[in-house]
Amino acid sequence: RESNFSEPVKHWNFGRFSDSREPFVPNCSDDPTTMPYLSGISVFPPLTITPPFNPLVTDYSANVSYEQLMVRLSAQAQNCQTEVRIDDKYGPTRTTNYTLGVGENRIVFLVVDITHTEPWVVNTYTLTVHRLSVDHHEPPFDPIAQHQVCSLHQECEMRVSPTELCGIQRDATISKDWVSW
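Sequential numbering from 1207 applies to the sequence shown in the working numbering.
Possibly wrong hints are sitting among the right ones.
Restraint-style ranges between C-beta atoms, simulated for each label pair [to be verified]:
(1) Pro1238 <-> Thr1264: 17 to 23 Å
(2) Thr1254 <-> Pro1298: 21 to 27 Å
(3) Val1366 <-> Tyr1304: 34 to 40 Å
(4) Gly1309 <-> Phe1347: 21 to 27 Å
(5) Lys1295 <-> Asp1265: 15 to 21 Å
Hints were generated in silico from the structure; no laboratory data involved. Quick caveat, the model's predicted, so the values are computed rather than measured. A virtual CB, placed ideally from N, CA and C, is assigned to each residue, including glycine.
Please construct the entire structure, taking both the sequences and the accompanying hints into account.
Right, here's the structure in full:
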């Protein structure tokens, strides 16, 4: 059966980036032309992904704030003889929590043919999530200005030494020479 890639193939189960906590319902095809394609990618919490999901597009991107530390990801393959693995052809096929570092996070979805003794990678989709850096709009450090140094000696609720002060205390032992160093 021939596929015309200028228009969507009718037997494909087009998915979308889903904000649902529910995994994809496994609707797969036995048609061999669907083997390298995903039906959808699920991301929670919801992200604005560009471009919109299409099985023929393999590169996607999203931006998240500094406060966003993790995303939950899963994907569904079009074909019944393939699985989607995250980051490695032996990687997990289940919903996966992915910790985001500051900057660019490249998440790779590998569509693997599982009819062989070793999984064969038949296609790769990439989601690049850019986590913004912290921005508190604080002025740069001025070594000439007067500063205080404070430290936490021990938690008041979990004292280790009864003679030590607890909570945050001003540290007068730090010399001005050390601060300018």
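Tested hints:
1. Pro1238 <-> Thr1264: 17 to 23 Å: holds (19 Å)
2. Thr1254 <-> Pro1298: 21 to 27 Å: Given range 21 to 27 Å: holds, Cβ gap about 25 Å.
3. Val1366 <-> Tyr1304: 34 to 40 Å: holds (37 Å)
4. Gly1309 <-> Phe1347: 21 to 27 Å: Distance hint for Gly1309, Phe1347 holds at roughly 23 Å.
5. Lys1295 <-> Asp1265: 15 to 21 Å: holds (19 Å)
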